[in-house]
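If you're matching them up, the sequences are chains A and B in order. For the first sequence, my numbering gives the first residue as 1, with consecutive numbering after it. For the second sequence, my numbering gives the first residue as 1, with consecutive numbering after it.
Mixed in with the good hints, there may be bad ones.
Claimed, not checked - Derived Cβ-Cβ restraints for the label pairs, each shown as a range:
no.	chain 1	residue 1	chain 2	residue 2	range
1	A	Leu33	B	Leu28	40 to 48 Å
2	A	Gly36	B	Leu28	43 to 51 Å
3	B	Leu187	A	Lys114	44 to 52 Å
4	B	Arg175	A	Asp168	40 to 48 Å
5	B	Ala192	A	Asp42	52 to 60 Å
6	A	Asp120	B	Val46	28 to 36 Å
7	B	Asp120	A	Glu27	37 to 45 Å
8	A	Gly40	B	Leu187	46 to 54 Å
9	A	Asp57	B	Arg76	42 to 50 Å
10	B	Asp120	A	Val191	29 to 37 Å
11	A	Ala200	B	Ala172	51 to 59 Å
12	B	Arg76	A	Ala35	45 to 53 Å
To be verified - Chain B is nowhere near these chain A residues, computed Cβ spacing over 12 Å in every case:
no.	residue
13	Met1
14	Cys19
15	Trp94
16	Met193
17	Leu196
I should point out that these hints are in silico values taken from the structure, not numbers from a laboratory. Yeah, the Cβ is synthetic: ideal placement off N, Cα and C, and Gly gets one too.
There are 2 protein chains.
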Amino acid sequence: MKLYDAEISGNCYKVRLMCALLGLELELTPINLGAGENRGDDYLAVNPRGQIPTLVDGDAVIWESQAILTHLARTRAPEWLPEETGALVEVMQWLAVAENECLYGMARARAALKLGRPWDVEQSQALGRAGLEVLDGRLAANDWLAAGRPTIADIACYPYVALAPEGDLPLAPYRAVAAWMGRIEALPGYVAMSGLTRAADLA
Amino acid sequence: MKLYDAEISGNCYKVRLMCALLGLELELTPINLGAGENRGDDYLAVNPRGQIPTLVDGDAVIWESQAILTHLARTRAPEWLPEETGALVEVMQWLAVAENECLYGMARARAALKLGRPWDVEQSQALGRAGLEVLDGRLAANDWLAAGRPTIADIACYPYVALAPEGDLPLAPYRAVAAWMGRIEALPGYVAMSGLTRAADLA
Numbered sequence: 001m002k003l004y005d006a007e008i009s010g011n012c013y014k015v016r017l018m019c020a021l022l023g024l025e026l027e028l029t030p031i032n033l034g035a036g037e038n039r040g041d042d043y044l045a046v047n048p049r050g051q052i053p054t055l056v057d058g059d060a061v062i063w064e065s066q067a068i069l070t071h072l073a074r075t076r077a078p079e080w081l082p083e084e085t086g087a088l089v090e091v092m093q094w095l096a097v098a099e100n101e102c103l104y105g106m107a108r109a110r111a112a113l114k115l116g117r118p119w120d121v122e123q124s125q126a127l128g129r130a131g132l133e134v135l136d137g138r139l140a141a142n143d144w145l146a147a148g149r150p151t152i153a154d155i156a157c158y159p160y161v162a163l164a165p166e167g168d169l170p171l172a173p174y175r176a177v178a179a180w181m182g183r184i185e186a187l188p189g190y191v192a193m194s195g196l197t198r199a200a201d202l203a
Numbered sequence: 001m002k003l004y005d006a007e008i009s010g011n012c013y014k015v016r017l018m019c020a021l022l023g024l025e026l027e028l029t030p031i032n033l034g035a036g037e038n039r040g041d042d043y044l045a046v047n048p049r050g051q052i053p054t055l056v057d058g059d060a061v062i063w064e065s066q067a068i069l070t071h072l073a074r075t076r077a078p079e080w081l082p083e084e085t086g087a088l089v090e091v092m093q094w095l096a097v098a099e100n101e102c103l104y105g106m107a108r109a110r111a112a113l114k115l116g117r118p119w120d121v122e123q124s125q126a127l128g129r130a131g132l133e134v135l136d137g138r139l140a141a142n143d144w145l146a147a148g149r150p151t152i153a154d155i156a157c158y159p160y161v162a163l164a165p166e167g168d169l170p171l172a173p174y175r176a177v178a179a180w181m182g183r184i185e186a187l188p189g190y191v192a193m194s195g196l197t198r199a200a201d202l203a
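This is chain A alone, in the form it adopts within the complex (with noise of 0.2 Å):
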């Protein structure tokens, strides 16, 4: 598998973390953003929003992260994405917070501080907290997010969790996002990007 990759994107990340979990083996293809490679002709034909990640899986050309974890799961994985519907609706839950408080909050604030993106810092770290307060009620009674037990949710919300620092979002004062966040560094073949707080940092 191929994947369009840029290592500082925490969306290109989710689909790095959920390979290296299910032992995938990825051939990575970096796409220069600063250089606008995303926005060439190549590119747009591949993936028409022009952005990054996109997958290439034999005949499949998948781009964003949250359909090729969803790809991954029913392909390579389906413990990860549940049938059931009571489940799987628990899973559609926390995309839409991967979706929203996480990369409208959490992502935005660490683009405008880390990457000079022309974001409102303000607003979108009050989206963050919003985010990471919901995330913290919702760990403080459950090890995963949805299904009780690891799904793609858990790694479409993770990484920028992780990264929140980055745009000035502590993380200390959310105790079950920080043991939610050391379960997922526990499993068998976790890796990191740069960048990320881990748990053991907030200790």
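Place chain B on chain A using the hints.
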């Protein structure tokens, strides 16, 4: 079934539209966002994010519009959420567009201009236009966003597309989007909401 609802919310309208298309009755419980009713303890016990919509269906309490659409499809109308992996992955891709370009682009531009929310209008419009271009490209070659038939992906994207003109995002340039809006409006049971642009307005 009971829906915690606000008439003005495109996210709530997704659920009202889906139920109308499926012929399901909904008891609407209006939540007064202006009075902060969504942040009250009673409502937070139902939905810890303090957002609308939330659906109550027997013992199931489900927050977040895409999770609710998933629940409705799985329990009432499985053809709206395909089981086959490739089709499911397509649905997930366009659900992500609904949560990104539609919500943080089109819907935020509308919320800023119509409701006085503090979002950056130009940034939101730029993201909204990017979404309309991607949707138009997809729909130029496909009647529906995923799986070759109407799915929850269409229902998730449609509301904030059809409300985009309220965010000063004209739809006339997007001919394939306009034709798709017409196909959705023609589905048996279709209902509108106030402020929607209809396909006939774009003819």
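Inset, instruction - Could you tell me which of the numbered hints above are not met by this structure, giving the numbers in increasing order? - result: 5, 8, 9, 15
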